[in-house]
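**Student:** Sequence:
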Amino acid sequence: MVRGVRHLTGAEVRDPELARLTGLPFDDDDILGCIDMILSAEPRADVCTDYDRRSPARLQTMVYAHPAVSSYYKNSAGELPTLFAWRIAEYWKWTHRPTLGDYTFDTPRAQEDS
1 MVRGVRHLTG AEVRDPELAR LTGLPFDDDD ILGCIDMILS AEPRADVCTD
51 YDRRSPARLQ TMVYAHPAVS SYYKNSAGEL PTLFAWRIAE YWKWTHRPTL
101 GDYTFDTPRA QEDS
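At position 110 of the sequence shown the residue is numbered 110 (our numbering), and the sequence of numbers has no breaks.
Rather than coming from a laboratory, the hints here were simulated on the basis of the structure. Among the hints, a few may not be true.
[As the list claims (entries may be wrong)] Label-pair distances were calculated between CB atoms; the ranges are:
no., residue 1, residue 2, range
1, Pro67, Met37, 48 to 56 Å
2, Ala45, Tyr72, 30 to 38 Å
3, Ala89, Asp52, 20 to 28 Å
4, Tyr64, Tyr103, 28 to 36 Å
5, Trp86, Ala45, 20 to 28 Å
6, Glu79, Asp36, 41 to 49 Å
7, Pro108, Tyr64, 45 to 53 Å
8, Lys93, Glu42, 34 to 42 Å
9, Val69, Ala45, 29 to 37 Å
10, Phe84, Val47, 46 to 54 Å
11, His96, Asp36, 18 to 26 Å
12, Ile35, Asn75, 35 to 43 Å
13, His96, Glu42, 16 to 24 Å
14, Ala41, Ala89, 38 to 46 Å
For each residue, glycine too, the CB sits at the ideal point set by N, CA and C.
Please work from the sequences and hints to get the whole structure.
**Tutor:** Following this line, the structure appears as structure tokens:
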């Protein structure tokens, strides 16, 4: 896929999944245009705080947190700072597409307004 070059078939689709299923080229001009407009994306502080609250709470439900378990996963305070708190399938469902409301975006227009 070359940006700005139309495909020989003349049949582009706007849904990447449909493109994958049909073999038709995916028209990515809209997506690339959006990416060009975004200078940065940063998760909101409240979203990070919520994750930081939920992760240790979830870890406390795992066997590694049990007081009788001695593990290199625990630090000297008995916390589990390095373990992943969710099943991979859960985490993938949660993160495979961004929730746009969870981020602040710096765009050229926002930069001009400030």
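**Student:** Does each hint hold? Answer for all of them.
**Tutor:** Verification of the hints:
no., hint, verdict
1, Pro67 x Met37: 48 to 56 Å, "52 Å, holds"
2, Ala45 x Tyr72: 30 to 38 Å, "32 Å, holds"
3, Ala89 x Asp52: 20 to 28 Å, "22 Å, holds"
4, Tyr64 x Tyr103: 28 to 36 Å, "31 Å, holds"
5, Trp86 x Ala45: 20 to 28 Å, "21 Å, holds"
6, Glu79 x Asp36: 41 to 49 Å, "42 Å, holds"
7, Pro108 x Tyr64: 45 to 53 Å, "46 Å, holds"
8, Lys93 x Glu42: 34 to 42 Å, "23 Å, violated"
9, Val69 x Ala45: 29 to 37 Å, "33 Å, holds"
10, Phe84 x Val47: 46 to 54 Å, "18 Å, violated"
11, His96 x Asp36: 18 to 26 Å, "23 Å, holds"
12, Ile35 x Asn75: 35 to 43 Å, "39 Å, holds"
13, His96 x Glu42: 16 to 24 Å, "20 Å, holds"
14, Ala41 x Ala89: 38 to 46 Å, "25 Å, violated"
Hints 8, 10 and 14, counting from the list given before, are not met by this structure.
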